[in-house]
Amino acid sequence: GDSVTQMEGPVTLSEEAFLTINCTYTATGYPSLFWYVQYPGEGLQLLLKATKADDKGSNKGFEATYRKETTSFHLEKGSVQVSDSAVYFCALSDRGAQKLVFGQGTRLTINP
Amino acid sequence: GAVVSQHPSWVICKSGTSVKIECRSLDFQATTMFWYRQFPKQSLMLMATSNEGSKATYEQGVEKDKFLINHASLTLSTLTVTSAHPEDSSFYICSANLPGGLEAFFGQGTRLTVV
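Residue numbers (the working numbering), protein chains in the order written: chain A, 1 to 112; chain B, 1 to 115.
Think of the hints as simulated: they come from the structure by calculation, not from any bench.
The C-beta atom is built at its ideal place from N, Cα and C for all residues, glycine as well.
Warning: the hint list may mix true and false statements.
Among the chain B residues that face chain A by a calculated CB cut under 8 Å, a handful are [unchecked claim]:
| no. | residue |
| --- | --- |
| 1 | Q29 |
| 2 | T32 |
| 3 | F34 |
| 4 | Q42 |
| 5 | L46 |
| 6 | L102 |
| 7 | E103 |
| 8 | A104 |
Here are some chain B residues the structure puts well away from chain A; computed CB gaps all over 12 Å [said to hold, decoys possible]:
| no. | residue |
| --- | --- |
| 9 | I12 |
| 10 | V19 |
| 11 | K20 |
| 12 | G53 |
| 13 | S54 |
| 14 | E59 |
| 15 | K66 |
| 16 | F67 |
| 17 | L76 |
| 18 | T82 |
| 19 | E87 |
| 20 | G107 |
| 21 | Q108 |
| 22 | T113 |
With the rest of the complex left out, here is chain A:
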């Protein structure tokens, strides 16, 4: 079945550092790929998405590119802020389906 493997955390960085959280997937079809974020005390919310190969999703300074050849969707940000501290989930959905398969989540802490 489909699966998502995500970089293990926790990850701790200093403010303004460069961030990469790795995500790779296995899917039989052509999935849509997502990054969801869960801030402390809140529910999950969509951070960015990409629906086909070579698409780049971006939001709030975060970016991720759908790489079909490496089955990856790594999350990057050039300069993180304390407010980016949260748990980040990589996820996929098979084409035509709305249910999600999640990676294990990566807890990110940014220190001032």
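We have chain A already, so just place chain B on it with the hints.
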């Protein structure tokens, strides 16, 4: 964006009792809602797909008789954990999409503790 509200946010119950968790789409109609479970330091695992007006679709390994799902209206799905045991203690989260939409909107989650 669309809002999904989940209630309660936390609940403690005794072993052997049943607990109901509600998931509401506040500003849109959802023919389908999804229920996930999250174990500590682990990922969210899909338990079942809740279908308005019909039976829920359960993922492999999820006990239908233990986790009863009812989707009686276009804005409400309920998950009832029956005869709860300590191993049912977990974080339960629901989600729904706008019709035809890719983005899932999540409830705040419910922390269930069975003592």
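Verification of the supplied hints:
1. Q29: violated, 14 Å
2. T32: Since chain A brings a Cβ to about 6 Å from B/T32, closer than 8 Å, the hint holds.
3. F34: Because about 5 Å separates B/F34 from the closest Cβ in chain A, which is inside the 8 Å limit, the hint holds.
4. Q42: holds, 6 Å
5. L46: holds, 5 Å
6. L102: This hint holds: B/L102 lies near chain A, its Cβ roughly 6 Å from the closest one there, short of 8 Å.
7. E103: Given a least distance of 5 Å, the restraint on B/E103 holds.
8. A104: holds, 6 Å
9. I12: holds, 19 Å
10. V19: holds, 19 Å
11. K20: B/K20 is indeed farther than 12 Å from all Cβ atoms of chain A, at 19 Å.
12. G53: holds, 17 Å
13. S54: holds, 16 Å
14. E59: violated, 9 Å
15. K66: Its Cβ never comes within 12 Å of chain A, the nearest being 20 Å, so this holds.
16. F67: holds, 16 Å
17. L76: holds, 17 Å
18. T82: holds, 23 Å
19. E87: Consistent with the label, B/E87 stays out of reach of chain A, its closest Cβ about 20 Å off (over 12 Å).
20. G107: violated, 6 Å
21. Q108: For B/Q108, whose nearest Cβ neighbour in chain A is about 4 Å away, the distance does not exceed 12 Å, so it is violated.
22. T113: Non-interface label on B/T113 holds, nearest chain A Cβ at 18 Å vs cutoff 12 Å.
Hint compliance for this structure: hints 1, 14, 20, 21 are broken, all remaining hints hold.
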